[in-house]
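Colleague: Each chain is listed here by its residues.
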Amino acid sequence: MSVILSVAHNELRHLVRSRVALTGLILVALLTFAAALTSQAYQADQAALRERLQHAADEDFEAQPNRHPHRVVHFGHFAIRPASGLAAMDPGVEAYTGNMIFLEGHRQNSANFGDARQSSLLVRFGQLSPALVLQVIAPLLLVFIGAGMVAGERERGTLRQSLLAGVSGGALLAGKGLALGAAALVISAPAFALLLWLGVSSAARLSAVALSAGGYLAYLAFWTLLIIAVSATARRSRSALIALVGAWTFAVVLTPRVSPEIAAALAPLPTRVETDIAVQRDLRAMGDSHNPNDPYFAAFKQKTLKAYGVERVEDLPVNYRGLLALEGEKLTSSLFNRYSNQAFAAMEAQGRVMDALVVVSPTVAIRRLSMTLSETDLFAYRLFLEQAEAYRYDLVQRLNRLQATAVTAADDAAKSKSASAEARSRISAEYWRAMPHFDPARPSAADVMGRALPALAALLFWVVAGALFAAQAGRRLNRSAA
Amino acid sequence: MTTEGEGKAIQIEDLVVRYGDRQVIDHLSLGVAAGEVYGLLGGNGAGKSTTLQAILGFVSPTSGRVRVVGLDPSAEPVGVRRAIAYIPENVALYDHLSARENVDYFLRLARLRPEQDEMEAAFRTVGLAEEAWSRPVSGFSKGMRQKTAIALALLRRASVLLLDEPTSGLDPGATADFNALVSRLRGEGAAILIVTHDLIGVADIADRIGFLEKGRIGDEMVAEGPDRFDLRALHDRFARVRAA
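Sequence order for the protein chains is A and B. According to this note's numbering, the residues represented by the first sequence are 13 to 494, in order. According to this note's numbering, the residues represented by the second sequence are 121 to 364, in order.
In case anyone wonders, no lab produced these hints; they're calculated from the structure. Heads up, some of the hints might be wrong.
[Claimed, not checked] The following label-pair restraints were derived from C-beta to C-beta distances:
hint : chain 1 : residue 1 : chain 2 : residue 2 : range
1    : A       : V28       : B       : G165      : 31 to 37 Å
2    : B       : E235      : A       : V32       : 46 to 52 Å
3    : B       : V136      : A       : R25       : 55 to 61 Å
4    : B       : L351      : A       : S30       : 47 to 53 Å
5    : A       : A205      : B       : E235      : 38 to 44 Å
6    : B       : E235      : A       : S30       : 52 to 58 Å
7    : A       : L208      : B       : S254      : 56 to 62 Å
8    : A       : V28       : B       : R255      : 45 to 51 Å
[Stated by the list, open to error] A few chain A residues that face chain B, going by a derived Cβ cut-off under 8 Å, partial list only:
hint : residue
9    : A20
10   : R29
11   : S174
12   : L176
13   : T283
14   : R284
15   : T287
16   : V291
17   : Q314
18   : T316
19   : S352
20   : Q354
21   : R491
22   : S492
[Said to hold, decoys possible] Anything over 10 Å on all C-beta distances counts as not near chain B; from chain A, calculated:
hint : residue
23   : V19
24   : S30
25   : Q173
26   : L175
27   : A177
28   : V179
Ideal Cβ placement from N, Cα and C applies to all residues, glycine included.
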């Protein structure tokens with residue numbers, strides 16, 4: 013162990029005395045610090061803003077005067093997604109998906125469905141975040157620092173001299189790996205400090221914080237092992253640098269950018285225009301509650317009359333228009349849900365393709381893990397949409413039931429002709445003040461962990477692969493240092 | 121002094137090394153005992169470097185046997201290297217470190233904990249000027265690097281010394297100092313193998329000289345009497361081996 017520490021100490025001494033490497037290290041550490049600071053400030057602002065907006069939306073909704081319930085249906089409401097605990101670490105798809113939905117009767121807003129092109133945008137690089145620095149920039153800096161760690165010594169002859177002192181190739185590489193790992197820790201320290209802060213400030217689950225930190229450590233460990241192994245295998249530092257920059261380009265830039273396109277090709281998503289046309293077509297086919305000859309609603313009318321044991325709509329103990337609104341909302345919602353589920357099924361299929369690609373690139377694995385643990389992935393987004401839709405449906409149906417029970421059929425029918433009927437059709441504002449608030453649940457810890465496991469396993473696979481490569485390079489070093 | 125097996129610190133028996141179809145070492149046999157200096161003399165391409173590589177465990181024999189302090193360098197390269205102090209023709213040191221830091225580091229790699237007093241004594245012994253001890257070696261001459269490496273070898277207290285063209289590029293004074301050091305180490309029981317093409321230089325310190333040509337020992341001479349070697353005879357026999 014002392015030999016490994018001696019090698020590590022010598023490498024770090026070299027790093028410190030080499031101004032260029034030290035400057036690069038300090039600059040990237042500062043970049044991580046800036047990313048952590050700005051991201052945390054931005055997310056804190058976002059969290060406060062969303063809370064304020066939701067509060068204001070609740071107030072506006074409750075501030076409506078006495079009015080007809082159907083007007084309240086069209087007044088609408090807003091559902092705003094609360095900020096997730098680790099969004100400051102990894103904002104994930106939030107920047108592209110939006111976090112606010114206008115809820116109204118008769119329709120799910122098109123944002124709920126998402127744009128077909130959105131699926132490829134979801135995984136593209138976005139704002140400066142600690143995750144971006146650790147996933148993209150940190151490996152590149154480690155490549156520049158570490159490519160010559162062994163190959164450069166081979167060129168200068170000191171590698172042979174070191175081995176002739178009686179140190180094993182494995183111990184030598186372990187020492188160099190330790191030094192490069194220490195450099196990686198310096199770069200990533202601000203991000204880990206942010207994770208710790210988010211954990212202790214109760215903004216995030218400790219299990220997610222620990223797994224996220226472990227995931228990033230594994231990711232950086234993989235790069236450290238790969239860099240040292242390639243450097244030990246290459247005859248020249250220039251060759252090692254070219255090979256490693258190639259590996260970085262493939263793993264960090266190419267695969268994460270191409271994989272959504274592959275996923276989209278294998279599991280295509282209809283375009284927004286196609287979806288809108290199909291929805292409109294199905295809506296027309298569904299029936300028209302205002303048309304007395306519409307077969308569906310004619311049947312509904314007969315069923316209702318039979319259920320209440322009366323002959324005419326006017327004899328019903330409830331307002332038939334309210335019942336029609338309830339039934340119409342049920343129909344349109346089921347239609348919208350069907351399209352929404354189809355879109356999400358396609359996105360899930362794309363997600364499965366992306367999951368499979370974690371064996372091609374460790375960067376895809378860490379991105380999946382990081383977004384999942386930060387609750388900023390597509391799953392968390394979908395959960396928000398589903399809860400918003402459930403809230404919308406419940407709200408609208410509560411209002412429709414009020415129309416059916418609190419507004420008489422006579423007043424409802426005469427409200428456009430009679431001022432007194434119109435006044436009576438306005439029900440008390442206390443009804444909307446008593447409506448429940450939108451309070452979405454976060455993904456459960458078990459869900460998050462379950463979804464994080466495949467990416468975590470992939471990262472461990474990459475670390476083991478890197479360690480095996482480095483161990484083999486160490487054994488080869490014992491035989492040939494020329 | 122550690123000697124095992126056949127009593128030789130370095131024992132090479134019937135060594136053959138091939139690189140593909142090319143046979144570089146051809147049934148080479150030689151031994152260096154503790155307290156002996158063996159000069160392996162040969163021209164370019166004679167197989168000197170490959171012989172050293174085989175002793176250091178960087179090249180595996182195609183056939184034959186190599187033992188260093190009883191260990192097989194192919195099977196136990198790290199163990200063998202711990203027993204050897206190797207001084208190459210061009211000493212490689214870490215340019216960002218001083219002579220003192222270099223020696224300290226290499227000793228730590230050899231699992232030794234050098235005392236500062238010992239290190240300074242070694243520097244004095246090899247004649248490295250005191251003001252150079254703490255200077256980065258990037259500005260060192262070849263001779264100063266050589267002296268640093270010899271100081272390291274002294275501190276290693278290795279039982280086997282391999283010297284590859286050790287006086288190449290040294291001025292006559294430095295060469296004489298170097299030879300004195302080698303003699304001292306021999307007196308302390310080290311087995312020393314000098315690989316060189318400098319016939320006159322090696323004649324000053326070697327106890328035996330083997331003429332290596334085309335991968336095999338063509339002839340061998342042993343130092344005798346106060347004059348040790350007859351230089352003219354040495355030269356003639358070397359020339360005959362090369363012409364054969």
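Colleague: If a hint holds in the structure, say so; if it doesn't, say that too.
Modeller: Structure-based check of all given hints:
At about 44 Å, the beta-carbon gap between A/V28 and B/G165 misses the expected band of 31 to 37 Å. Between B/E235 and A/V32, the C-beta spacing of about 35 Å breaks the proposed range 46 to 52 Å. For the hinted restraint 55 to 61 Å between B/V136 and A/R25, the CB-CB distance of approximately 44 Å leaves it violated. Our hint of 47 to 53 Å for B/L351 and A/S30 holds, since their Cβ atoms are close to 50 Å apart.
Range check, A/A205 to B/E235: about 42 Å between beta-carbon atoms, so the 38 to 44 Å window is met. Restraint check, B/E235 to A/S30: a C-beta distance of roughly 30 Å breaks the suggested window 52 to 58 Å. Checked against the given bound of 56 to 62 Å, the beta carbons of A/L208 and B/S254, roughly 42 Å apart, lie outside it. Distance hint check: the CB atoms of A/V28 and B/R255 are about 18 Å apart, inconsistent with the given range 45 to 51 Å.
Because the smallest distance between the Cβ of A/A20 and any Cβ of chain B comes to about 11 Å, over 8 Å, the interface hint for this residue is violated. With 8 Å as the threshold, the beta carbon of A/R29 comes within range of chain B, its nearest partner Cβ sitting at about 5 Å, so the hint holds. Interface hint at A/S174: satisfied, since its Cβ lies 6 Å from the closest Cβ of chain B, which is below the 8 Å cut-off. Below 8 Å, beta-carbon pairs count as interface contacts, and A/L176 has one with chain B at about 5 Å; its hint therefore holds.
About 60 Å separates the beta-carbon of A/T283 from the nearest beta-carbon of chain B, more than 8 Å, and the hint is not met. The interface hint given for A/R284 is broken, as the beta carbon of that residue sits about 60 Å from the closest beta carbon of chain B, more than 8 Å. Residue-level restraint check for A/T287 is violated (minimum Cβ-Cβ distance to chain B is 63 Å; threshold 8 Å). Taking 8 Å as the C-beta cut-off, the interface hint given for A/V291 is violated, the closest approach to chain B being about 69 Å.
Interface restraint check for A/Q314: the shortest CB-CB distance to chain B comes to about 93 Å, outside 8 Å, so the restraint is violated. Taking 8 Å as the C-beta contact cut-off toward chain B, the hint placing A/T316 at the interface is violated, the least distance being around 90 Å. Taken as an interface hint, A/S352 does not check out: its beta carbon lies about 62 Å from the nearest beta carbon of chain B, beyond 8 Å. For A/Q354, the shortest C-beta to C-beta distance to chain B is roughly 63 Å, which exceeds 8 Å, and the interface hint is violated.
Hint status for A/R491 relative to chain B: holds, with the closest Cβ pair at about 7 Å, below 8 Å. With a cut of 8 Å, the hint placing A/S492 at the interface with chain B holds, because the nearest CB-to-CB distance is about 6 Å. Once the 10 Å rule is applied to beta carbons, A/V19 is inconsistent with being away from chain B; the minimum gap is 7 Å. Once the 10 Å rule is applied to beta carbons, A/S30 is inconsistent with being away from chain B; the minimum gap is 7 Å.
The beta carbon of A/Q173 is not kept farther than 10 Å from every beta carbon of chain B, the shortest such distance being approximately 5 Å. For A/L175, the requirement that its beta carbon stay farther than 10 Å from each beta carbon of chain B is not met, with the minimum near 7 Å. Listed as outside the interface, A/A177 is inconsistent with that label: its C-beta sits roughly 4 Å from the nearest C-beta of chain B, within the 10 Å cut-off. Its closest Cβ contact with chain B, about 4 Å, brings A/V179 to no more than 10 Å, contrary to its assignment away from the interface.
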